[in-house]
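Asker: If you want the building blocks of each chain, they are given just below.
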Amino acid sequence: MGGITYVYKMIRISLLSHLALRSSYYLGLFRECLFLLLSIQLFRTLYSGTGTVLSATLTETVTYIIISKFAQFFNMSTMGRIQSRIISGEIATDLLRPVEYDFFMLVQEFGAWIQRILSITFPIVLLSLLFVRFYPPSSISYGLCFVLSLLLSFLIMFFANYCVSLAAFWIPYLWSLNSVSTTLFIILSGAMIPLWFYPDGIRNVLEWLPFSFAVYMPINIYLGRIAMAELPILFLKQAVWILILWLISRFIWSKATKKIIVNGG
Amino acid sequence: MSIVVDHLTKIYRVVKQKSIFKPRFEQKVALNNISFQIDQGESVAYIGPNGSGKSTTIKLLTGLLTPTSGKVTVNGLEPYKKRKENARNIGFVFGQRTQLWWDLPITESFDLLKEIYRIPNAVYKRNLEMLFTLLDLQGFKEIPVRQLSLGQRMRAEVACAFLHSPRIVYLDEPTIGIDIVTKAKIRDFLRDINKEEKTTIILTSHDIDDIETVCKRLILIDKGHIVYDGQIVDFIERYAVYKKIRVAFKERDIQPILIPRCEVSRETTKSNELIIRYKKDEIDTNELLNILQNVGTISDFTAHDDNLTDLLKSIYKEEI
Numbered sequence: 006m007g008g009i010t011y012v013y014k015m016i017r018i019s020l021l022s023h024l025a026l027r028s029s030y031y032l033g034l035f036r037e038c039l040f041l042l043l044s045i046q047l048f049r050t051l052y053s054g055t056g057t058v059l060s061a062t063l064t065e066t067v068t069y070i071i072i073s074k075f076a077q078f079f080n081m082s083t084m085g086r087i088q089s090r091i092i093s094g095e096i097a098t099d100l101l102r103p104v105e106y107d108f109f110m111l112v113q114e115f116g117a118w119i120q121r122i123l124s125i126t127f128p129i130v131l132l133s134l135l136f137v138r139f140y141p142p143s144s145i146s147y148g149l150c151f152v153l154s155l156l157l158s159f160l161i162m163f164f165a166n167y168c169v170s171l172a173a174f175w176i177p178y179l180w181s182l183n184s185v186s187t188t189l190f191i192i193l194s195g196a197m198i199p200l201w202f203y204p205d206g207i208r209n210v211l212e213w214l215p216f217s218f219a220v221y222m223p224i225n226i227y228l229g230r231i232a233m234a235e236l237p238i239l240f241l242k243q244a245v246w247i248l249i250l251w252l253i254s255r256f257i258w259s260k261a262t263k264k265i266i267v268n269g270g
Numbered sequence: 023m024s025i026v027v028d029h030l031t032k033i034y035r036v037v038k039q040k041s042i043f044k045p046r047f048e049q050k051v052a053l054n055n056i057s058f059q060i061d062q063g064e065s066v067a068y069i070g071p072n073g074s075g076k077s078t079t080i081k082l083l084t085g086l087l088t089p090t091s092g093k094v095t096v097n098g099l100e101p102y103k104k105r106k107e108n109a110r111n112i113g114f115v116f117g118q119r120t121q122l123w124w125d126l127p128i129t130e131s132f133d134l135l136k137e138i139y140r141i142p143n144a145v146y147k148r149n150l151e152m153l154f155t156l157l158d159l160q161g162f163k164e165i166p167v168r169q170l171s172l173g174q175r176m177r178a179e180v181a182c183a184f185l186h187s188p189r190i191v192y193l194d195e196p197t198i199g200i201d202i203v204t205k206a207k208i209r210d211f212l213r214d215i216n217k218e219e220k221t222t223i224i225l226t227s228h229d230i231d232d233i234e235t236v237c238k239r240l241i242l243i244d245k246g247h248i249v250y251d252g253q254i255v256d257f258i259e260r261y262a263v264y265k266k267i268r269v270a271f272k273e274r275d276i277q278p279i280l281i282p283r284c285e286v287s288r289e290t291t292k293s294n295e296l297i298i299r300y301k302k303d304e305i306d307t308n309e310l311l312n313i314l315q316n317v318g319t320i321s322d323f324t325a326h327d328d329n330l331t332d333l334l335k336s337i338y339k340e341e342i
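Line by line, the protein sequences give chains W and H. Be aware that the first sequence starts at 6, since it is given in my numbering, and climbs by one per residue. Be aware that the second sequence starts at 23, since it is given in my numbering, and climbs by one per residue.
If you're looking for bench data, these hints aren't it; they were derived computationally from the structure. Even for Gly, the Cβ is constructed at its ideal location relative to N, Cα and C. Any given hint could turn out to be false.
Examples of chain W residues lying across from chain H (beta carbon under 10 Å, computed) [as the list claims (entries may be wrong)]:
id, residue
1, Y11
2, M15
3, L21
4, H23
5, L26
6, S28
7, G33
8, E95
9, P103
10, F109
11, I257
12, S259
13, K260
14, A261
15, T262
Restraint-style ranges between C-beta atoms, simulated for each label pair [stated by the list, open to error]:
id, chain 1, residue 1, chain 2, residue 2, range
16, H, A144, W, L123, 28 to 36 Å
17, H, K106, W, E235, 38 to 46 Å
18, H, K106, W, L123, 26 to 34 Å
19, H, V286, W, A25, 57 to 65 Å
20, W, S93, H, F323, 47 to 55 Å
21, H, K103, W, L156, 54 to 62 Å
22, W, E95, H, K272, 38 to 46 Å
Given these sequences and hints, build the entire structure.
Answerer: As structure tokens, then:
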């Protein structure tokens, strides 16, 4: 299968089209740095003000915040793109390509993700190295497991987003749905605040949802907070979630295309 | 590879009355029992007024719609059942919808289509060379699409449709909003590639010159029925029963007069001219000129038979 060159070209296209918008890139990077700085400062204050022992050290938390920048898969462009194509009817031309639509979008989004890691995450991590103390991966094998787990996270978040975006086949104005779902994904996954700060009851529930597997779990692996022996189970859970979300998206998709193809949209 | 349309009917269900609980539906017949066959290498103009069922037909042929009854086969496949297999062999240009990556030069988009259609290297190289020459894309291949003129972009869009050597290409209004020179370039390209590569071309356009340059066959559809299906030349011969003469007078402010069985009109900008349209077999041109000499002194006079434009106009107005 020519999949590899296809993925490579998609990454290339994402990078190139991103570089075409240079000024918005610098603004975005600046914004990310600012947010990072603010949240680190927030946690510093929190830690200095509390006498109780928290479930993670300050450096662990700071590491979490920085490493979570690898999870650049919120605000996926897929969502907006699919929706605007559905609403404008351009989705029709996509249906006339000899490829599966979810694969087509997945590759595109993967390209965008890699592009964001290269152009946003790396500069941020490098900058942080100069100014902030944070941990490297707790061992090489944990580091590798982190990468694998992050790849699976990407798939989870892609299919979650994809399912939401297909709603455009039934609901014409999706802006509010998008912002609600994105915010929910961010909160539930622990992308903004590590789940270890959440109350136990809530955290226990969240740990079963797909979203915690998207950010919280991979970073816990990075930090070595999960025993090696438990990792296979964790990967399996991630894989199961991918499968479930993929099946749901396929189901919605077949309903949607049937709706277009039988009723003419 | 041929297209067979067999007693095809498409009925849409449209919402008549919106309601929170139970919307009421109404049936709208878009295509009513149409049949035709198109062989490999034909160039067909598929035309009709807005809302006649044109785009419904194209959607059925490409597999974007399922027929209510009847059947479509494209190279033995029913496209709505095997949409992706069918997609491999077709190309399309849909009016103002783009297949190009907005922020990038056209070559990047072509490169991606190569992967999507899994075009072998040799074929890709050959096609790219041919398309670059015929559509004259060389001059702007490095420029991002968003900075191209509409004419340049449309040429690139047309190239996209032919990149993977499709056997059938559907073009829906490919020259809309484009200047005459570019239009001519696209037309000539379509005519040539149809002749040389035997690519079946199915063109819907409101531009008569497009149709006359590119297509040999005409399928005319109106209100879901096929009104005419045959060669364009035969069509003109059969329906060009009207003649139109334009008479200029020495005097100004000629009032349109009433002549039996004639349609007399005057252009607002030319107050000394009358345009008279009549059926060739009903009125003798000489007789008509005699009548007109009573109106004023004739200074100039031209006559021609109805062309395709006039014919379509009169068909759309339900004269034939």
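Asker: All the hints need checking, so say for each whether the structure fits it.
Answerer: Okay, the hints, checked on the actual structure:
1. Y11: holds, 4 Å
2. M15: Since chain H brings a Cβ to about 7 Å from M15 (chain W), closer than 10 Å, the hint holds.
3. L21: holds, 6 Å
4. H23: This interface hint holds because 8 Å falls under the 10 Å limit.
5. L26: holds, 7 Å
6. S28: Since chain H brings no Cβ nearer than about 13 Å to S28 (chain W), farther than 10 Å, the hint is violated.
7. G33: With a closest approach of 15 Å, the G33 (chain W) hint is violated.
8. E95: holds, 5 Å
9. P103: holds, 4 Å
10. F109: Holds, about 8 Å.
11. I257: violated, 18 Å
12. S259: Violated, because the Cβ-Cβ distance from S259 (chain W) to chain H comes to roughly 12 Å (cut-off 10 Å).
13. K260: Where the cut-off is 10 Å and the nearest Cβ of chain H is about 14 Å from K260 (chain W), the hint is violated.
14. A261: Since the shortest Cβ distance to chain H is 13 Å, the answer is violated.
15. T262: At about 9 Å, which falls below the 10 Å cut-off, the nearest Cβ of chain H leaves the hint on T262 (chain W) intact, so it holds.
16. H:A144 to W:L123: 28 to 36 Å: holds, 33 Å
17. H:K106 to W:E235: 38 to 46 Å: holds, 41 Å
18. H:K106 to W:L123: 26 to 34 Å: holds, 33 Å
19. H:V286 to W:A25: 57 to 65 Å: 60 Å Cβ-Cβ, so the 57 to 65 Å window holds.
20. W:S93 to H:F323: 47 to 55 Å: The hint (47 to 55 Å, Cβ to Cβ) holds, given that S93 (chain W) and F323 (chain H) are roughly 52 Å apart.
21. H:K103 to W:L156: 54 to 62 Å: violated, 35 Å
22. W:E95 to H:K272: 38 to 46 Å: violated, 58 Å
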